[in-house]
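Visitor: Got two chains here, each in a separate frame; can you build the complex from them with the hints?
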Amino acid sequence: MHAFANPAKFLSLARPLTPWLFWLGLTLILAGAACGLFLTPADYLQGDSVRIMYIHVPAAWLGMGGWSSMAIAALVQMVWRHPLAGVAGRAIAVPGALFTAICLATGSIWGRPTWGTWWEWDGRMTSMLVLLFLYFGYIALARASAEQAGGIGDNGGVSRVTAIFALVGAVNLPIINRSVVWWNSLHQGPSITMRGSTIDSAILWPLGLTMMGFSLWFGAIVLMRMRAILAQNKVEARLARRAREA
Amino acid sequence: MKSKHQRLILALAALVAIIAAGLLAASALKDEAAYFYVPNDVKTKGVEPGKAVRLGGMVEKGSLRHEADGVTIRFTVTDGKAQVAVTFKGIAPDLFREGSGVVAEGAFDTQGTFVASNLLAKHDERYMPREMEGMQYDETTHQMKGAPKP
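Chains as they are written, first to last, in our numbering: chain A, 1 to 246; chain B, 247 to 396.
Only chain B is shown next, with the shape it has when bound in the complex (with noise of 0.2 Å):
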């Protein structure tokens, strides 16, 4: 075997073996290196009232209230398999709206509701130009469908 060809085989090794190291360890922070929770993780794991966590999920369509003083907003945050009340005290971004991502900064409180101190929007991958809002991404025929927004 030319010396050439043992390199070769070492440095592959080598490498296959550090990508493996690599992804496992990627995958063991899997829960730990999770951005926020999800109202499912909430659901089934528990999170202690007080403790800072990051929410995330989509705002349930016709949730959101305002509320009287103008500045306090309450809506619903689910991930399809649960749901969490929030309230938020502030300005939200331009983004944040219905059916739409969001990730709330805060803690629960006692009663179970979560107390946002700070919201992002989180939007999804999909871009299209204003006519077409209201239509769908098909997964099977990569197509977009349904109709566009009168």
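Pulled out of the complex, with its shape left as it was, chain A reads as follows (with noise of 0.2 Å):
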């Protein structure tokens, strides 16, 4: 672990990576998502609008999966100090809320032919809501905090209470995942889970690839803004010598 915590050996790994993951993963999305449109039978109750599963399941996944990257670089940074931790968090932010904003405009589209209405406040989407509105908030804990720092500020990562609010909203993440179980909701019961799949495989499989396929493209995406913050630092520290030899 502490070999990756070195910017230069990170970069190394990083950079043949990055084109790796976006093109695969762009593959996996395109093929799931024309196989989805194309192959699978429509449901029985809910005919075609079913196909929006395959961008809002993976949607929803990564949005819940970005903000427990980011808690859990919260908590190497805490712990380890790590320099590249805050340098992760950083980096995930952006999509990751990018990805929740993508499952909530989807299900709210697909809940108007089948439920009836674009939006309730029930459990599961009013959850959903917060964990955008955190994401907006540690985006927003993290520039006030570099900017304060002056100069590269915070070395490109995150402050500490940016990671404290990181780990912090994590306690979001469990009331998202058990809030139709806990409460009465208008959302659907979870059709995955440890026992097997209610939803047929003629209907499923195509999930497993955009599943697959939006992971490696926001692997790519993070790795690519890493590297984008550490490019920043090189510069500003550059700059900075500059001006004390001038």
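For the record, the hints were derived by calculation from the structure and aren't laboratory data. Computed from a predicted model, the values in this text were never measured in an experiment. The reader is advised that the hints may include incorrect statements.
In silico SDA-like pairs for lysine to any residue, Cα to Cα no more than 20 Å straight-line [to be verified]:
hint : chain 1 : residue 1 : chain 2 : residue 2
1    : B       : LYS250    : A       : LEU167
2    : B       : LYS276    : A       : ASN177
3    : B       : LYS276    : A       : ARG178
4    : B       : LYS276    : A       : VAL79
5    : B       : LYS335    : A       : ASN184
6    : B       : LYS276    : A       : THR117
7    : B       : LYS276    : A       : VAL171
8    : B       : LYS250    : A       : ARG81
9    : B       : LYS250    : A       : VAL79
10   : B       : LYS250    : A       : ILE164
11   : B       : LYS297    : A       : TRP121
12   : B       : LYS250    : A       : VAL161
13   : B       : LYS248    : A       : VAL79
14   : B       : LYS250    : A       : VAL130
15   : B       : LYS276    : B       : LYS250
16   : B       : LYS289    : B       : THR322
17   : B       : LYS276    : A       : LEU167
18   : B       : LYS297    : A       : ASN184
19   : B       : LYS335    : B       : LYS289
20   : B       : LYS250    : A       : ASN6
21   : B       : LYS289    : A       : ASN184
22   : B       : LYS276    : A       : TRP121
Guide: Below, the structure written as structure tokens:
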């Protein structure tokens, strides 16, 4: 683990990995979406609108997975003080927020033809909206404390307060997960559990492709953002050195 | 003890405390944050007439009646323990059907009938192709059972 905390070693791994994740991810997304649109049968009850699942479910998974990774990065930052942990946290926040927003938007579009409403304040939808606001809070907090620090500000990472915020916000994750079990909700219960899936395999299989594809793509975006932050650090350090020498 | 380990223990203890507090708060919200009442809640706790509430459950099979005016429907919502009669005037969502889930927004009248102002269809967690309609998911074997519709 310590080996990857070294930015130079990290870059030598991240640089060749990025295009692989990006193109493989994109291929899987397109293949999964095409299969989901043209090859799978329509649902007995919902008809063709069930196909929104192939985007909605990966978006929800990455929205929640993003915050989980930010919480882990925050823990690593606070305990082991790895310089890359804060950089990773900052890099994950924006795509995480984006996928949470995609999840909410596709859910809303799906809800109209199936439930008969664009939006209802039920447990699942409300807790997911709270997650989006937590992302906004994290992004704003990271930025505000970096500006306050001046110069490179937190070395491209996030301040300690921001890391604590990521850990505290993780409380929302089990609430989102359990919201359809604890409370009567409009959103249906979990389809895929440890005991199996209540989605018939004829409808389920392209979901694996898009889940894997979006996850790889998410990884590529995070690596790109981390590399951009590290490059910016280098630029600012060099500028500062030049200013001192002049 | 290294300071690293001290920080780890502190961080984990704080995390456990926060999650416990969050879960405690969520479970305290259990009744308040419910999105709708089920018929059994209405029977045991009672809901005063005129109060705006949501009622959720299954549309009882064979209970759906269309009135002569063409826009009013009557049906019974059940949760397996109690039943509530519902009337609704308007356009029901496409997925609204007997034997399926429904969430009705509205209020009880003085006779104990639920007058809905809006209907939402609630579907369950099963997804399957049309040919398999009528089959059931078996909780123990995780397979679909029963005969598909001809």
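Visitor: Each hint should be assessed against the structure and marked as holding or not.
Guide: Hints, one by one, checked against the model:
1. Restraint check for LYS250(B) and LEU167(A): satisfied, since their Cα atoms lie roughly 18 Å apart, inside the 20 Å limit.
2. Among the hinted pairs, LYS276(B) with ASN177(A) is consistent with the structure: their alpha-carbon atoms are about 15 Å apart, no more than 20 Å.
3. Of the supplied pair hints, the one linking LYS276(B) and ARG178(A) holds, its CA atoms being roughly 11 Å apart against a limit of 20 Å.
4. This hinted pair does not check out: LYS276(B) and VAL79(A) have alpha carbons roughly 35 Å apart, beyond 20 Å.
5. For the given pair, LYS335(B) sits about 25 Å from ASN184(A) by alpha-carbon distance, which is inconsistent with the 20 Å threshold.
6. A distance of roughly 24 Å separates the Cα atoms of LYS276(B) and THR117(A); the hinted pair therefore is violated under the 20 Å criterion.
7. Restraint check: the Cα-Cα separation between LYS276(B) and VAL171(A) comes to about 16 Å, which is no more than 20 Å; the hinted pair holds.
8. Pair hint LYS250(B) plus ARG81(A) holds up; C-alpha atoms about 9 Å apart against a cutoff of 20 Å.
9. The suggested pairing of LYS250(B) with VAL79(A) holds, with an alpha-carbon distance near 6 Å, which does not exceed 20 Å.
10. Annotation: proposed proximity of LYS250(B) to ILE164(A) holds, straight-line Cα distance about 17 Å (limit 20 Å).
11. Between the alpha carbons of LYS297(B) and TRP121(A) the distance comes to roughly 18 Å, so the proposed pair stays at or under 20 Å and holds.
12. Taking the CA atoms of LYS250(B) and VAL161(A), the gap is about 19 Å. The hint holds against a cut of 20 Å.
13. As the CA atoms of LYS248(B) and VAL79(A) are separated by approximately 11 Å, the hinted pair is consistent with the 20 Å bound.
14. For the given pair, LYS250(B) sits about 33 Å from VAL130(A) by alpha-carbon distance, which is inconsistent with the 20 Å threshold.
15. Under the criterion of a C-alpha separation no larger than 20 Å, the hint pairing LYS276(B) with LYS250(B) is inconsistent with the structure, at around 39 Å.
16. Between LYS289(B) and THR322(B), the direct Cα distance comes to roughly 14 Å. Compliance with the 20 Å bound is thereby established for this hinted pair.
17. With a C-alpha separation of about 24 Å, the suggested pairing of LYS276(B) with LEU167(A) is violated against the 20 Å cut-off.
18. For the given pair, LYS297(B) sits about 19 Å from ASN184(A) by alpha-carbon distance, which is consistent with the 20 Å threshold.
19. Simply put, LYS335(B) and LYS289(B) have alpha-carbon atoms about 24 Å apart, too far for the 20 Å limit, and the pair is violated.
20. The hinted pair formed by LYS250(B) and ASN6(A) meets the criterion: a straight-line CA distance of about 18 Å does not exceed 20 Å.
21. Simply put, LYS289(B) and ASN184(A) have alpha-carbon atoms about 17 Å apart, close enough for the 20 Å limit, and the pair holds.
22. As the CA atoms of LYS276(B) and TRP121(A) are separated by approximately 15 Å, the hinted pair is consistent with the 20 Å bound.
When held up to the earlier numbered hints, the structure conflicts with 4, 5, 6, 14, 15, 17, 19 and fits the remainder.
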